[in-house]
Amino acid sequence: MNLLLTIIALITLASAVAAICLRNLVHCVLCLTLSFAGIALTYLELSAEFVGFAQVMVYIGAVTILVLFALLMTRGGKELHLRSWNPGHWLTGLGAGLGTLGVLLVGIFHSKLREVTPLDTKDESVHALGNSLLDTYVLPMEALAVLLTVALIGAALLAMPERSRPGQTFRKVSSTKEGPVKD
Amino acid sequence: MHTLTPYLLLSAGLFCTGLIGVMLRRNAIILLASIELMLNAANINFVAFWRFHPSSEDVSGLVMVLFTIAIAAAEAAVGLALVISIYRHYRTTNPDTLNELKG
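Chains as they are written, first to last, in this note's numbering: chain A, 157 to 339; chain B, 79 to 181.
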């Protein structure tokens, strides 16, 4: 087995486990960032350079900052204490997760595909990827562009503070009718 | 020897970590982060299968990963905006307390 890949995989898995185990939410997000970096390194190890750098820019650059800012704007640090320690809940969650892992492992170790070796003459250039994006996949790419635009405008609208501003009467009406829940 | 197995194992481990995170954590933001982990696990499989595919020109695995990354970014933006909006109304990010639609 490849030593570099083993190290990367161990770091990625350990930081992912830390990201879902730690109590401090900021530490969770930082561990998640380390995990994303490990995944980007895995892509580079698989010689998918463009996807690797896209991963760095989108996940490490954008998604992490977004999650950190959301933490900052909601609670910042402490998670809700577990008021009701429910062993059934934990057993169900862990059982489902480990059961899925078991099924996946059985599938992986019974597959014949896992012994295939990579092609040496693989076309790894960004050129082929760009040609394919603008040729075969041009329609999905355009649809994706529209989706991204709509999603980001929608996110900005959703997160906009519902303050009654002059010239925005319908928000004022809805906020007086329902009102924020006070508990 | 270079085989597909370590990538598949890494991907399976990450997916299950994300799944356990979704089931056990009580904070909507960490829930979204766990979903991102699961999406990334699927992406590792796409790239690994692209690398080990016998055809030398086929890049559909990479294209799929790019699409997934873009959609995951949009999902994270909308999800976090929802969390912030919910926090503004209910002063909580615990999904267990948002049970007014429970049948």
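The hints are simulated quantities; they were obtained by calculation from the structure and are not laboratory data.
Hints are supplied without guarantee of correctness; some may be wrong.
One side of the interface only, derived from the structure: several residues of chain B facing chain A at Cβ under 10 Å [stated by the list, open to error]:
#1 LEU92
#2 ALA106
#3 ALA154
#4 ALA159
#5 SER163
#6 HIS167
#7 THR171
To list a few chain B residues with every Cβ distance to chain A over 10 Å, as calculated [stated by the list, open to error]:
#8 VAL137
#9 ASN177
#10 LYS180
Model, not experiment: these values are computed from the prediction.
Quick reminder that beta carbons are idealized off the backbone N, C-alpha and C, glycines included.
Now the hints, each set against the structure:
Residue-level restraint check for B:LEU92 holds (minimum Cβ-Cβ distance to chain A is 6 Å; threshold 10 Å). The closest approach between the C-beta of B:ALA106 and any C-beta of chain A is roughly 8 Å, which is under the 10 Å cut-off, so the hint is satisfied. Given hint, B:ALA154 at the interface with chain A, holds; its Cβ is 5 Å from that chain's nearest Cβ, closer than 10 Å. Interface hint at B:ALA159: satisfied, since its Cβ lies 4 Å from the closest Cβ of chain A, which is below the 10 Å cut-off.
Interface hint at B:SER163: satisfied, since its Cβ lies 5 Å from the closest Cβ of chain A, which is below the 10 Å cut-off. Annotation: interface hint on B:HIS167 holds; nearest CB of chain A at approximately 5 Å, less than 10 Å. The interface hint given for B:THR171 holds, since its Cβ lies 5 Å from the closest Cβ of chain A, which is under the 10 Å cut-off. The Cβ of B:VAL137 sits about 5 Å from the closest Cβ of chain A, inside the 10 Å cut-off, so the non-interface label is violated.
Non-interface call for B:ASN177 relative to chain A: holds, since the shortest CB-CB distance, roughly 13 Å, exceeds 10 Å. Listed as a non-interface residue, B:LYS180 keeps its Cβ farther than 10 Å from every Cβ of chain A; the least gap is roughly 16 Å.
Of the hints listed earlier, the one the structure fails to meet is number 8.
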